Each structure stands twice: as structure tokens, then as C-alpha cells.
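First to last, the protein sequences are chains A and B. Okay, so the first sequence: first residue is 2 according to this note's numbering, each after it adds one. Okay, so the second sequence: first residue is 2 according to this note's numbering, each after it adds one.
Keep in mind that a hint or two might mislead.
[Stated by the list, open to error] Now the stretches of chain B that chain A is said to cover, found in silico as 3 or more residues with beta-carbon under 8 Å:
#, segment
1, 47–54
2, 71–77
3, 158–171
4, 174–187
5, 190–199
[What the hints assert, rightly or not] Restricting the straight-line Cα-Cα distance to at most 35 Å, the calculated cross-link-like pairs of lysine-lysine (DSBU-like) are:
#, chain 1, residue 1, chain 2, residue 2
6, A, Lys108, A, Lys159
7, B, Lys23, A, Lys202
8, A, Lys47, B, Lys164
9, B, Lys73, A, Lys30
10, A, Lys23, B, Lys23
11, B, Lys23, A, Lys159
12, B, Lys108, A, Lys155
13, A, Lys23, A, Lys202
14, B, Lys30, B, Lys164
15, B, Lys202, B, Lys155
16, B, Lys164, B, Lys194
17, B, Lys155, A, Lys73
18, A, Lys47, B, Lys155
19, B, Lys159, A, Lys80
20, B, Lys108, A, Lys30
21, A, Lys80, A, Lys202
22, B, Lys80, A, Lys80
23, B, Lys164, B, Lys202
24, B, Lys80, A, Lys108
25, A, Lys194, B, Lys73
26, B, Lys30, A, Lys30
27, B, Lys73, A, Lys73
28, A, Lys202, A, Lys155
29, B, Lys108, A, Lys23
30, A, Lys30, B, Lys194
31, B, Lys159, A, Lys194
32, A, Lys73, B, Lys108
33, B, Lys108, B, Lys73
34, A, Lys47, B, Lys73
35, A, Lys30, B, Lys23
36, A, Lys108, B, Lys47
37, A, Lys164, B, Lys73
38, A, Lys202, B, Lys73
39, A, Lys80, B, Lys155
40, B, Lys80, A, Lys164
Since the hints were made in silico from the structure, they are not lab data. Keep in mind the model is a prediction, meaning the values are calculated, not measured. Think of the CB as a built atom: it goes at the ideal place given N, C-alpha and C, for glycine as much as any other residue.
2 protein chains.
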Amino acid sequence: MAAPIDFYFDFSSPYGYFASTKIDALAAKFGREVVWRPFLLGAAMKITGGTPLPSVPLKGDYARRDFARSAKFYGVAFKLPSAFPISSQAPARAFYWLARTDPNQAKALAAALYRAYFVDDINISNADDTIAVCAGFGLNAQAVRAALNDPAIKDLVKAEVDKAIGRGAFGSPYIVIDDEAFWGADRLEQVEKWLASGGWKY
Amino acid sequence: MAAPIDFYFDFSSPYGYFASTKIDALAAKFGREVVWRPFLLGAAMKITGGTPLPSVPLKGDYARRDFARSAKFYGVAFKLPSAFPISSQAPARAFYWLARTDPNQAKALAAALYRAYFVDDINISNADDTIAVCAGFGLNAQAVRAALNDPAIKDLVKAEVDKAIGRGAFGSPYIVIDDEAFWGADRLEQVEKWLASGGWKY
Numbered sequence: 002m003a004a005p006i007d008f009y010f011d012f013s014s015p016y017g018y019f020a021s022t023k024i025d026a027l028a029a030k031f032g033r034e035v036v037w038r039p040f041l042l043g044a045a046m047k048i049t050g051g052t053p054l055p056s057v058p059l060k061g062d063y064a065r066r067d068f069a070r071s072a073k074f075y076g077v078a079f080k081l082p083s084a085f086p087i088s089s090q091a092p093a094r095a096f097y098w099l100a101r102t103d104p105n106q107a108k109a110l111a112a113a114l115y116r117a118y119f120v121d122d123i124n125i126s127n128a129d130d131t132i133a134v135c136a137g138f139g140l141n142a143q144a145v146r147a148a149l150n151d152p153a154i155k156d157l158v159k160a161e162v163d164k165a166i167g168r169g170a171f172g173s174p175y176i177v178i179d180d181e182a183f184w185g186a187d188r189l190e191q192v193e194k195w196l197a198s199g200g201w202k203y
Numbered sequence: 002m003a004a005p006i007d008f009y010f011d012f013s014s015p016y017g018y019f020a021s022t023k024i025d026a027l028a029a030k031f032g033r034e035v036v037w038r039p040f041l042l043g044a045a046m047k048i049t050g051g052t053p054l055p056s057v058p059l060k061g062d063y064a065r066r067d068f069a070r071s072a073k074f075y076g077v078a079f080k081l082p083s084a085f086p087i088s089s090q091a092p093a094r095a096f097y098w099l100a101r102t103d104p105n106q107a108k109a110l111a112a113a114l115y116r117a118y119f120v121d122d123i124n125i126s127n128a129d130d131t132i133a134v135c136a137g138f139g140l141n142a143q144a145v146r147a148a149l150n151d152p153a154i155k156d157l158v159k160a161e162v163d164k165a166i167g168r169g170a171f172g173s174p175y176i177v178i179d180d181e182a183f184w185g186a187d188r189l190e191q192v193e194k195w196l197a198s199g200g201w202k203y
């Protein structure tokens, strides 16, 4: 069986959220699995010199409109959160803590965290809010709180972020199929054609 | 009849080039005309603080691959020019000079200039090379040379660039349909749906 597709995303990224609602079904059409790998865009921006979209003149205004318009285009519920963008260490830690024992449940948790942030306007950069989302998902709140403060989990997230950046991830979503990287929810069209055709030389 | 669609692009932009090969046919399906409006990304980047893609760590490497892969995806001939990116004042001046008297011929000239740069690796940032492309297109070389040095044409281009930025154009291509702006060749899918449906609230 073909290797799984790597889906890199930041919990603060609207385009990562949009793609997260599509990527598994798209991959499944071609018999491919997807491994979800949250990372921290802030760490990548230290290397690229990037600036969070909303604070860029002209581009920020456009981005706010494009988020909302694209959500409708993709048919995904979306409300620009009151706090945006945010640092996403808390949800990333919760995710990797759970993924150590149950990657599939971690994926479902990631979807719940994305919905909490981009639909219900819950600021998941706060540990307490991430813990509440995890509790609503059925996890033990005290165990999640311990995980968020566990140095081993913090190191695990750091290592995953380093690996993502080592793989070239500079934006979200960043989708890697057999070493071929695609950046952006707007590359899902190319991802589909790539999977359907086995790729093309260029 | 509905107002024409404004197509803002930089002659140095691969994604502007890709979109330029699609936009008129796409608009025509919905009975819409397109006005081509070259502008200078460098002027916009002074406002956005942007950096030309190829010089951004991680993103630059990705961009070079994405240009070539996307060209194949769109079915467009493409070769990354030896000099890239370039300042595109010379082709922009030639364009607006011709557009004053014949907008349709100016559009065809723009297509020829894009092909010269992105297919035949001719560095159209050089006045001599832009003049040669114009001559090959059937224009009088001396008249083009005079136009490139004409203060009135220089002012016209400056005014068009200011208008583009005033409209919010920060990237290329930047497509405006009845005040609705779409950035990127990868928004052509949304442009098509927007035109087909009459747009949607968001």
C-alpha cells in the first residue's frame, strides 16, 4: 500500500481548517491514508520572515474577505474568531499527547478543536479552553492539563515542528504526497489531479 | 451589459501569465469582457512589505517547483526565465502606450510579451528586448522606443499603478469583478463559480 499523505497544518490557520474538512475523503478516493501533523506557523515565520496575514497592509483586508468567501465556496461553517491569529501550542500539545496512543482519535480531536475555534469562537490558545474542548470530546480534563504541562509533550511538539520545517512546511496547509509538497487549500485541485494521474513530470 | 472585469497583473508574475491565458475565455462564457491592466508588483510590495517569492527561505524553493508544476497543471508552456523576477516597467509602458489607441491590440501584445519572457526567456525588463518583441509583433520599433522614453507614458503607467494599488491590488493576478477582488491564478475556480452564480453573500 502507498505511503500515507502528510497533512501539516496550524490550528490557527483558516485555510488549514478548510483543507482539514476535505483531505481524508479526497485521499480515500485514491486508497490513501492521511497522517495529520499540526505544527506552529510562528516557528516557520521566524525562518521565512513572514508576517501573519491580517497585519499586512492591503493583503490583510483581502485575507479577511477571502477567508469568509472561501468558507462558503468550500461549504464549511466559519466565523472569523475574535482573537485571530493565535499561538496554537495548547491544541498542538493536546493533539500529540493523544496521538501517541490513538492517532485516529487525535484526528477527530483536531477536527473538534478546529470547530471550537473557527465555528464557536473559543480561543484554544488558552490552555483552559483547549482542556474544555478536550473534556467535551470525552477526554479526562486532569489528564489533558497534565499533558499540556508535561515537558516530554512540550519536547515532542518542538520535535514535530522542527520535522515539519525540515520537510519545508512554511505555510498551512502543507500537504506532502511521496515527497511532493502542495501548499494551500487552493492546491487541493492539484492534489486530486496528482493522485488521480500518479503525478506528472515538470 | 455588465461592466468589464479588471485583470491586474505584473509582466514578471508566472501566476499572472497563467491566468492571462485563461481569463478572457472564462469571462466570455458568462458574456463578460476583460480589461487588462498591467501594474508593478514592486510598488505594491513597498506598501505590503512583501519580498519577491524566490528570495524567501523555504517558500522560494517551493515557489520554483510550484511555477513549473502549475504550468503543466494549467497546460501552459513555461520555462523559468534566466532573470527572475524582473522589473516590468518597459513592457508596461509599451502596453499602455498601445492601449491608448487600441486596447485589443494591446492585450495581444501583452500575451506576446508574456510568451517572450516565460517561454522564450527574453528579458523584457530591457528596453531593447521589449522593443524587439514589439517589432516582431508588427509595431514600429522607433515609435515604441520613443514611447518608452516619453514622460507622458511614464506618468500614465505611474497613474495606472497607483489606481491598481488604490483598488487593493497587492499581488498578481488580481481580478476584480464588480468590486469583488480575487487574488491568484488559483482563484479562477472561485471566479468561475462567482460568475456562474452571480456571487454569494459571506
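Quick rundown of the hints versus the structure:
Check on the segment 47–54 of chain B: 5 of its residues sit with their Cβ under 8 Å from a Cβ of chain A, so the three-residue criterion for coverage holds. Check result for the segment 71–77 of chain B against chain A: holds, 4 residues qualifying (beta carbon to beta carbon below 8 Å, three or more required). Counting residues of the segment 158–171 of chain B whose beta-carbon sits less than 8 Å from any beta-carbon of chain A gives 4, enough to reach three: the coverage restraint holds. Three residues within the 8 Å Cβ limit are the bar, and the segment 174–187 of chain B against chain A gives 4, so the coverage statement holds.
A stretch counts as covered by a chain when three or more of its residues have a beta carbon under 8 Å from one of that chain; for the segment 190–199 of chain B and chain A the count is 3, and the coverage holds. Proposed proximity of Lys108 (chain A) and Lys159 (chain A) is supported: the alpha carbons are some 19 Å apart, at most 35 Å. Only pairs whose Cα atoms come within 35 Å are accepted, and Lys23 (chain B) paired with Lys202 (chain A) is accepted, the gap being roughly 22 Å. With a C-alpha separation of about 33 Å, the suggested pairing of Lys47 (chain A) with Lys164 (chain B) holds against the 35 Å cut-off.
Between Lys73 (chain B) and Lys30 (chain A), the direct Cα distance comes to roughly 23 Å. Compliance with the 35 Å bound is thereby established for this hinted pair. The straight-line distance between the Cα atoms of Lys23 (chain A) and Lys23 (chain B) is roughly 26 Å, inside the 35 Å bound, and the hint therefore holds. Distance hint between Lys23 (chain B) and Lys159 (chain A) is unfulfilled; the C-alpha atoms sit about 43 Å from each other, more than 35 Å. Taking the CA atoms of Lys108 (chain B) and Lys155 (chain A), the gap is near 56 Å; set against the 35 Å cutoff, the hint is violated.
For the proposed pair Lys23 (chain A) and Lys202 (chain A), the alpha carbon gap of about 26 Å is at most 35 Å, so the pair holds. About 28 Å separates the Cα atoms of Lys30 (chain B) and Lys164 (chain B), which keeps this hinted pair within 35 Å; it holds. The suggested pairing of Lys202 (chain B) with Lys155 (chain B) is violated, with an alpha-carbon distance near 40 Å, which exceeds 35 Å. A threshold of 35 Å between alpha carbons decides the hint, and for Lys164 (chain B) with Lys194 (chain B) the separation of about 27 Å falls inside it, so the pair holds.
Taking the CA atoms of Lys155 (chain B) and Lys73 (chain A), the gap is about 42 Å. The hint is violated against a cut of 35 Å. With a CA separation close to 39 Å, the supplied pair Lys47 (chain A) and Lys155 (chain B) exceeds the 35 Å bound. In summary, the hint linking Lys159 (chain B) to Lys80 (chain A) is not supported, as the alpha carbons are separated by about 39 Å, beyond the 35 Å threshold. Straight-line distance between C-alpha atoms of Lys108 (chain B) and Lys30 (chain A) comes to about 41 Å, which puts the hinted pair past the 35 Å bound.
Taken as a hint, the Lys80 (chain A) and Lys202 (chain A) pair is broken in the structure, with Cα atoms around 39 Å apart against an allowance of 35 Å. With a C-alpha separation of about 41 Å, the suggested pair Lys80 (chain B) and Lys80 (chain A) falls outside the 35 Å cut-off, and the hint is violated. For a cut-off of 35 Å, the pair hint linking Lys164 (chain B) to Lys202 (chain B) stands: about 26 Å separates their Cα positions. A hinted pair counts as satisfied when its Cα atoms are at most 35 Å apart, and Lys80 (chain B) with Lys108 (chain A) does not qualify at roughly 40 Å.
Restraint check for Lys194 (chain A) and Lys73 (chain B): satisfied, since their Cα atoms lie roughly 11 Å apart, inside the 35 Å limit. With a C-alpha separation of about 31 Å, the suggested pairing of Lys30 (chain B) with Lys30 (chain A) holds against the 35 Å cut-off. For the given pair, Lys73 (chain B) sits about 28 Å from Lys73 (chain A) by alpha-carbon distance, which is consistent with the 35 Å threshold. For a cut-off of 35 Å, the pair hint linking Lys202 (chain A) to Lys155 (chain A) is broken: about 40 Å separates their Cα positions.
Proposed proximity of Lys108 (chain B) and Lys23 (chain A) is contradicted: the alpha carbons are some 38 Å apart, above 35 Å. For the proposed pair Lys30 (chain A) and Lys194 (chain B), the alpha carbon gap of about 24 Å is at most 35 Å, so the pair holds. Using a Cα cut-off of 35 Å, the hinted pair Lys159 (chain B) and Lys194 (chain A) is violated, with the two alpha carbons roughly 41 Å apart. The suggested pairing of Lys73 (chain A) with Lys108 (chain B) holds, with an alpha-carbon distance near 33 Å, which does not exceed 35 Å.
Restraint check: the Cα-Cα separation between Lys108 (chain B) and Lys73 (chain B) comes to about 23 Å, which is no more than 35 Å; the hinted pair holds. For the proposed pair Lys47 (chain A) and Lys73 (chain B), the alpha carbon gap of about 32 Å is at most 35 Å, so the pair holds. Proposed proximity of Lys30 (chain A) and Lys23 (chain B) is supported: the alpha carbons are some 29 Å apart, at most 35 Å. This hinted pair does not check out: Lys108 (chain A) and Lys47 (chain B) have alpha carbons roughly 41 Å apart, beyond 35 Å.
The hinted pair formed by Lys164 (chain A) and Lys73 (chain B) meets the criterion: a straight-line CA distance of about 30 Å does not exceed 35 Å. A hinted pair counts as satisfied when its Cα atoms are at most 35 Å apart, and Lys202 (chain A) with Lys73 (chain B) qualifies at roughly 8 Å. Straight-line distance between C-alpha atoms of Lys80 (chain A) and Lys155 (chain B) comes to about 44 Å, which puts the hinted pair past the 35 Å bound. With a C-alpha separation of about 32 Å, the suggested pair Lys80 (chain B) and Lys164 (chain A) falls inside the 35 Å cut-off, and the hint holds.
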